[in-house]
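Number of protein chains: 2
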Amino acid sequence: MSVTSVQEALSGRIAAGSRVTVRGWVRTRRDSKAGLSFVNVSDGSGFHPIQVVAPAALDNYETEVKRLTAGCAVVATGTLAPSQGQGQAFEIQAESVEVVGWVEDPETYPIQPKPHSLEFLREVAHLRPRTNLFGAVTRIRHCLAQAVHRFFHEQGFYWISTPIITTSDAEGAGQMFRVSTLDLANLPRGEGGGIDFSRDFFGKETFLTVSGQLNAEAYALALSKVYTFGPTFRAENSNTTRHLAEFWMIEPEVAFNDLAANAKLAEDFLKYLFRAVLEERQDDLAFIAERVEKNAITRLEEFIAAPFEQIDYTDAIGLLQKSGHRFEFPVEWGLDLQTEHERWLTEQHVGRPVVVTNYPEQIKAFYMRLNDDGKTVAAMDVLAPGIGEIIGGSQREERLDMLDARMAQFGLDPEHYGWYRDFRRYGTVPHAGFGLGFERLVVYVCGLNNIRDAIAYPRTPGHATF
Amino acid sequence: MSVTSVQEALSGRIAAGSRVTVRGWVRTRRDSKAGLSFVNVSDGSGFHPIQVVAPAALDNYETEVKRLTAGCAVVATGTLAPSQGQGQAFEIQAESVEVVGWVEDPETYPIQPKPHSLEFLREVAHLRPRTNLFGAVTRIRHCLAQAVHRFFHEQGFYWISTPIITTSDAEGAGQMFRVSTLDLANLPRGEGGGIDFSRDFFGKETFLTVSGQLNAEAYALALSKVYTFGPTFRAENSNTTRHLAEFWMIEPEVAFNDLAANAKLAEDFLKYLFRAVLEERQDDLAFIAERVEKNAITRLEEFIAAPFEQIDYTDAIGLLQKSGHRFEFPVEWGLDLQTEHERWLTEQHVGRPVVVTNYPEQIKAFYMRLNDDGKTVAAMDVLAPGIGEIIGGSQREERLDMLDARMAQFGLDPEHYGWYRDFRRYGTVPHAGFGLGFERLVVYVCGLNNIRDAIAYPRTPGHATF
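Here the protein sequences come in this chain order: X and A.
In this text, residue positions in the first sequence follow my numbering: the first is 1, and each later residue adds one.
In this text, residue positions in the second sequence follow my numbering: the first is 467, and each later residue adds one.
To be clear, the hints were calculated from the coordinates, so they are not data collected in a lab.
Among the hints, a few may not be true.
[Claimed, not checked] Not the full set, but computed from the structure, chain A residues with beta-carbon under 10 Å of chain X:
1. SER471
2. VAL486
3. ARG489
4. PHE556
5. PHE623
6. THR632
7. TYR685
8. ALA686
9. PHE876
10. ASP888
11. PHE889
12. GLY893
[Claimed, not checked] Here chain X is said to cover these stretches of chain A; the calculated rule only asks that three of the stretch's residues, wherever they fall, bring their Cβ under 8 Å from a Cβ of chain X:
13. 500-513
14. 651-661
15. 705-714
16. 726-739
17. 782-788
18. 813-826
19. 914-924
Glycine included, each C-beta is placed from N, C-alpha and C at the ideal position.
When you get a sec, could you build the whole thing from the sequences and use the hints?
Rendered as structure tokens:
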């Protein structure tokens, strides 16, 4: 007897006639008039459960097998056999079905074998991975994460983990969460009456990071190609379906890259990820296409097949103005593009992913490289049909004098960015990178609308369940 | 002309005579009396720099090449040629050396081509990846992280990211960092005068997670094999060389596993990681062995070769008592093992890694499974020569009534652990897992003593640099 995963048992890699044991949870049970029961068992290893055929001759057939309900844990041993059942190549003809864990009060067990609303499932986040949908989401999420690491590794990047607790604010904007061990009931006060942060854990005010980019830049100027893949935080109280307070971000940073190389990297990267999901998670994607988003597979295939278009921001403004389309927000050189503009560009005008480049300097972050026109910076946004903006990046301002001028313009204190300025004094080189919110990617691939369904434990503003 | 990494140029995979371009930073420059200069260029892609031979005939030879100092950024193009130089297979006979970034005031550039103290390098964390040592540490760290993901993926695990901001405290102990957006200068008060956390971002008191284990357990009871690899936090003000306030933790959790299977997983896992480093980072390990820890390679090889020993805690106490060794801390059944005891067991007594199992229930966490003797729990610690305790794990208490009894004994409020209790009501099964601090592993492999040298940006208690 050898223990095998359900996925392995169904894969065809184990010879029919082998004696196997699977361990998992009952999805459904059907009793046949012929005096046997069909018990579908899932262990989450892949999308499909395996059918365990339990004959009445089992010792515990009447006392236990016929009492099995959704969610019960079982260990089933028997012979792997070709199945006559629809849509399954193999089944297990059981010689024993051991019940390891019963379901207390099956009537009220929240995960019944029927569709549940996503809202309801967010309330039972500790149980929702047991559903078809969230099993699929978790496996797809894993597949994407593995592909992220594999892509960068194959391309010669090194992973670095930048500080989560930090004193700096990469965006110069963005609401941050304070991190502290001060006793709120008894806050230490300084001479002027203000809070004395020298008494806090790190001896100064600290926050949760909004981005690892500035740190990654310093590493890129030593190891050439690095990336981060870790959690970042925004304390914006925007209760939308597109924002999370806590999300994982992927941030590659490459020395000697200009904006064109940066855009190429973004294209190669996204296509690699989507190819991985198409190859490795066919079972889950088929379910998504059947139940959630019928274009789930074809749109990934189209994404991979199409070369990205590149449009200069200035040209994009011209196109939008001449489009004849009535937009809610104004279209004017110097204003940022809104979602409706981005969608028109990628979905209506081009019909495939678009990289918009060279935005007006006043609407982009201080660290972006000023172009020779003195009016625009080497920024880029990758827009894609059905997602909108999925990647934001730029060539960074590697010239210290220019950086200082930008910082002055944004009213940033150079002292606060001491080390960030400093590494530009020694062998500075052009460099570029981008950021990609991981959960937004997961939501897109899984055809979901609410970003809270891309994380293990959803948390709505005003409520931290876990 | 094709741009290549230095590692690729040195690998032998590019034919001698090819025209190549490398981009990187000068490590050293030596001028020959024959009228040419040898410029060692590193791009961080591997340990070794490549020697660029710059002839006097270059246009900028006198004006620029002869002014190159450590840290200057260059782009060198030329012919890849077998090298007569010691310890290098190839060099580049340059036809151009473009200087991209100079070093401002070379005399004061902190990263000179000489050994620096680790203390000094912690103060210039944004520059230390440019040193041989921290280049090696970063690449080894990357190699280990990749191996973590690859091992679990190959074994059929799914990666999940558990919440960083949380309301629960997995250990029931452990000092936590508060996360808040409340205005400290104007804290909202409730009726009794206490802080009104319903006005905080999540509507309740929230902290940084100390472990993802409890969350991972719920996923293991749906997907069978899961793991986390993400940051965790401890606000203990222990200014030691072995503790960090912020560190990455790896936590696998497996349904149907007992303690023996858990120990086997830990052994397979560690050996897989060390094998990966030995195979993939020979260049960096050779440097570590030469300069930092002379046994760096042999001890990893020995670790892989030796089967782990297993010792019951009760037996370990007996062995320690009979050892004849004088320990500083008392050895007595019911007391936890101290580092000196652990080191004696693994280094003196067994001479290879040891898994100590079945600790007294009163010294271990509430979620560990009570053994049939009613006195011990199915806990395990993996101890290894030169590291001490590297992994801590257990079989979890899957029986709800037993868990409730343990929680009562520890004075924990069952309400606070509602969802953690709840998933045991539905198809509960034996399950087990462990935790491994990633930076402790890195420090060990790299032969370093201070855990602050395993992270990208060191931060000493009382001082958050970044």
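Quick rundown of the hints versus the structure:
1. Interface restraint check: SER471/A against chain X, minimum CB-CB distance 6 Å, threshold 10 Å, status holds.
2. The beta carbon of VAL486/A is not positioned within 10 Å of any beta carbon in chain X (closest approach about 14 Å), and the interface hint is therefore violated.
3. Given hint, ARG489/A at the interface with chain X, holds; its Cβ is 5 Å from that chain's nearest Cβ, closer than 10 Å.
4. Given the 10 Å rule on beta carbons, the hint for PHE556/A is violated: about 18 Å separates it from the nearest Cβ of chain X.
5. For PHE623/A, the shortest C-beta to C-beta distance to chain X is roughly 8 Å, which falls under 10 Å, so the interface hint holds.
6. For THR632/A, the shortest C-beta to C-beta distance to chain X is roughly 6 Å, which falls under 10 Å, so the interface hint holds.
7. With its C-beta approaching chain X no nearer than about 5 Å, TYR685/A sits inside the 10 Å limit, and its interface hint holds.
8. A least Cβ separation of about 9 Å between ALA686/A and chain X falls short of the 10 Å threshold, and the interface hint therefore holds.
9. Restraint check, PHE876/A versus chain X: the minimum CB separation of about 20 Å is more than 10 Å; hint violated.
10. Checking ASP888/A against chain X: minimum C-beta separation of about 6 Å stays under 10 Å; hint holds.
11. The beta carbon of PHE889/A is positioned within 10 Å of a beta carbon in chain X (closest approach about 5 Å), and the interface hint is therefore held.
12. The interface hint given for GLY893/A holds, since its Cβ lies 4 Å from the closest Cβ of chain X, which is under the 10 Å cut-off.
13. Taking a C-beta to C-beta cut-off of 8 Å, the segment 500-513 of chain A contributes 3 residues in contact with chain X, enough for the three needed, and the coverage statement holds.
14. Note: the segment 651-661 of chain A has 4 residues with beta-carbon separation from chain X under 8 Å; the three-residue rule is met and the coverage holds.
15. Counting residues of the segment 705-714 of chain A whose beta carbon lies closer than 8 Å to any beta carbon of chain X gives 3, which reaches the threshold of three, so the coverage claim holds.
16. Here the segment 726-739 of chain A counts 0 residues with a CB under 8 Å from a CB of chain X, which misses the bar of 3, and the coverage is violated.
17. Check result for the segment 782-788 of chain A against chain X: violated, 0 residues qualifying (beta carbon to beta carbon below 8 Å, three or more required).
18. For a cut-off of 8 Å, the count of residues in the segment 813-826 of chain A with a CB near a CB of chain X stands at 0, and the three-residue condition is violated.
19. Coverage of the segment 914-924 of chain A by chain X holds. Counting CB-CB distances below 8 Å, 3 residues qualify, and the rule asks for three or more.
Hint compliance for this structure: hints 2, 4, 9, 16, 17 and 18 are broken, all remaining hints hold.
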